[in-house]
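Chains as they are written, first to last, in this note's numbering: chain A, 4 to 404; chain D, 891 to 1250.
Everything labelled a hint here was simulated from the structure, so no lab data went into it. Given the structure is predicted, the values throughout are model-derived calculations rather than measurements. The C-beta atom is built at its ideal place from N, Cα and C for all residues, glycine as well. Check before you lean on any hint, since a few could be wrong.
[Stated by the list, open to error] The following label-pair restraints were derived from C-beta to C-beta distances: (1) A/E47 with D/T938: 57 to 63 Å; (2) A/G132 with D/E1174: 50 to 56 Å; (3) D/P975 with A/D189: 42 to 48 Å; (4) D/T1203 with A/A388: 49 to 55 Å; (5) A/D302 with D/E1174: 58 to 64 Å; (6) D/G1153 with A/L379: 45 to 51 Å; (7) A/V243 with D/F1220: 45 to 51 Å.
Each chain, letter by letter, is given below.
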Amino acid sequence: MSSTETPVAPTGTTELSWPDPCEVAGTVRLVAPDGSRLSAQALELSGHATYAAAAARTTPEQLRAMYRDMVMTRAFDREATSLQRQGELGLWPECRGQEAAQIGSAHALRPRDHVFPSYREHGVAHVRGLPLHELLHLFRGTEHGGWDPVAHGFHLYTLVIGSHTLHATGYGMGIQRDGDVGTGTDRDRAVVAYFGDGATAQGDVNEALVFAATTNAPVVFFCQNNHWAISAPTTVQTTVPLVERASGFGIPGIRVDGNDAVAVKAVTEAALDRARAGGGPTFIEAVTYRMGAHTTSDDPTRYRERAEEEAWSRRDPIERLAALLRAEGHADADFFAAVEADCAELTAGVRTYCRSLTPPPSASIFENVYASEHPLVAEESAWFAQYEASFDGAAPAGGHA
Amino acid sequence: MSAETIETSEPAASEQTADAPAATTGPTTERLPMARAINAGLRRAMATDDRVMLMGEDIGRLGGVFRVTDGLQAEFGTQRVVDSPLAESGILGTAIGLAMAGYRPVVEIQFDGFVFPAFDQITTQLAKLHYRSAGRLQVPVVIRIPYGGNIGAIEHHSESPEALFAHTAGLRIVTPATAADAFTMIQQSIASPDPVIFLEPKARYWDKGEVDLSGSGVDLGPDGWRSLHVARTVRTGSDLTIAAYGPTVATALAAAQVAEGEGHDVEVVDLRSVSPIDVDTLAESVGRTGRLVVVHEAPMFFGPGAEIAARVTERCFHQLEAPVLRVGGFHTPYPASAIEKEYLPSLDRILDAVDRSLAY
């Protein structure tokens, strides 16, 4: 089922060199890269008709909202990258190319669900209602976190790969003990842990899968297989499709075209419904591609070929959803123009906000080390305050030797 | 020879002195081994607060390899006393998530040497979450670890890793030396809003002491956990101070008793807390005695004794009559149990340090 309208490959490369990994049997795809919905016959063959039926209930308004979120995430991502290049941020991990995986899955969440992200889930943060500029504190170096994890059900970014999947599982075990699973009411809730293909090699992720499976915790393990863990291709982490890992843990696994927002939403909704109902964890492998560098400190030209990036650029998730909206008559030029205007407003605000972030007072080094008083921290804090004060009124020239 | 002295030193002198402050023996006072005292403290905490839950390997039906959680699963059910998968990082990581969800997990690491798979979760996650979240998240997890040697165990079962954790801000590290303290301190640790590493001196699990099981005997008001970090002078003296904690307190008391026979009046301070350290109590003591010997099983190099020596020296430089001396583990792996008595800070090695300090 090749995409018939694929542009001609650039000189020296062919589409065949970089086959679409989502054209493998068993991978849920509902919308082809050209924006057309898969035929009933194709869905019958793939066995994914139930997802298609669920996706058919996604309203045009919801489709437009997903598109808008994806475009705004990309605009924000581009702006943050620029801010890093201009020296306003210390580092930025781009999420370009992964918008469908992030926005599609986040649109399946309910307000009381909780998300435990890695550090690239800017799109999920946006859908959770976290003002995107709040993500910048961490990357400008003015705070380690910067947002309220509880207010938006969106926890802090975790830079130690995979550690947070255990926190997600423990949180899910807490939800079970609260009785917020399987009541069949709005009270039911669940957790999503986001991580990447690289993280699947971590012990903590494997332990999280063990704990979630054996406790039947309401956790959706959402693996964005973006093909690259910095410079290591997925083949460095695994010799089997990642989704196959799940069965060994006794967890249902589902592989989805991570650049098909409609399919991602349908698959994640089903997994979340199952978790909230008490059915236990699900492992989702969303096959996508990290179009940008790992972070602004990275140089992908050293380890991957331009042709691969170009092949994936023809599977762009935003263009795919735009094509669907156009083909089905859900969006007109005014809509697209309005989204662009929203993006311009967002990025202008982000730029202003970022530049307004100043270093916190140096005394804040000592704040919140403990939740309660601590004699050593108090002593060092007091010493530091008097040390700082010792320079008051002193002529700085010549130092204090 | 010295080892036998340690074992026979457990009784009268040490306990009477060590338990003195809790001497208001009412009808609810019982003579319990430390392991049972911890069990009673856990039961009390669980009965008082529904959010308290236990998690660890073999802690349910078996009651833990040292039986510290004996009977608790039968009493509180499998949702509150959880037999976890055999994965220490998983235990800690899920405990963090449970704490984020409002629970107060008390996890057991089966032996000191098995805590290291969880070291990452403890030091990079648990210890830092309150700081990283600017105080928005509290993670009051208690990590119970049977620690220390002197039980003839095979390798990885006799370690004293406290310094590795004390070096990490965000953690509180305490260790009881008596059954009475064990009962009180485990409840205070659970009440603490911060993560606590609760080190249980496994060689003292079977040492008995009077434990006041009455409700009024334990200060567990909103700030009841604060006295957790206050050192206790278990024997007063004027010639020299010995600072010890956990398994070495009884040995230090025995040494003080022997020294008394030799005409030396030795004070013994049970630190009770390795992080923070109650430097005030130590400095007050050394200000009077002018001499300090620090005793612990952990290796001396970068060990708690080094930190204590530095801090007491800063505070008591002019009162010190001798350098602060340390008696502790060597810069070697913990040796085979057949020769562990030579590695451990024995009564004789403590007396040797006392003599060296007094002769300085």
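Outcome of the hint check:
Between A/E47 and D/T938 the beta carbon distance is about 60 Å. The supplied range of 57 to 63 Å therefore holds. Distance hint check: the CB atoms of A/G132 and D/E1174 are about 54 Å apart, consistent with the given range 50 to 56 Å. Taken as a hint, the range 42 to 48 Å is violated for the pair D/P975 and A/D189, whose Cβ atoms sit roughly 32 Å apart. Distance hint check for D/T1203 and A/A388: the Cβ-Cβ separation is about 24 Å, which falls outside the suggested range of 49 to 55 Å.
A beta carbon spacing of about 60 Å between A/D302 and D/E1174 agrees with the range 58 to 64 Å that was offered as a hint. Distance hint check: the CB atoms of D/G1153 and A/L379 are about 37 Å apart, inconsistent with the given range 45 to 51 Å. For A/V243 paired with D/F1220, a C-beta distance near 48 Å keeps the hint of 45 to 51 Å intact.
Against the hints set out earlier in the document, violations occur for numbers 3, 4, 6.
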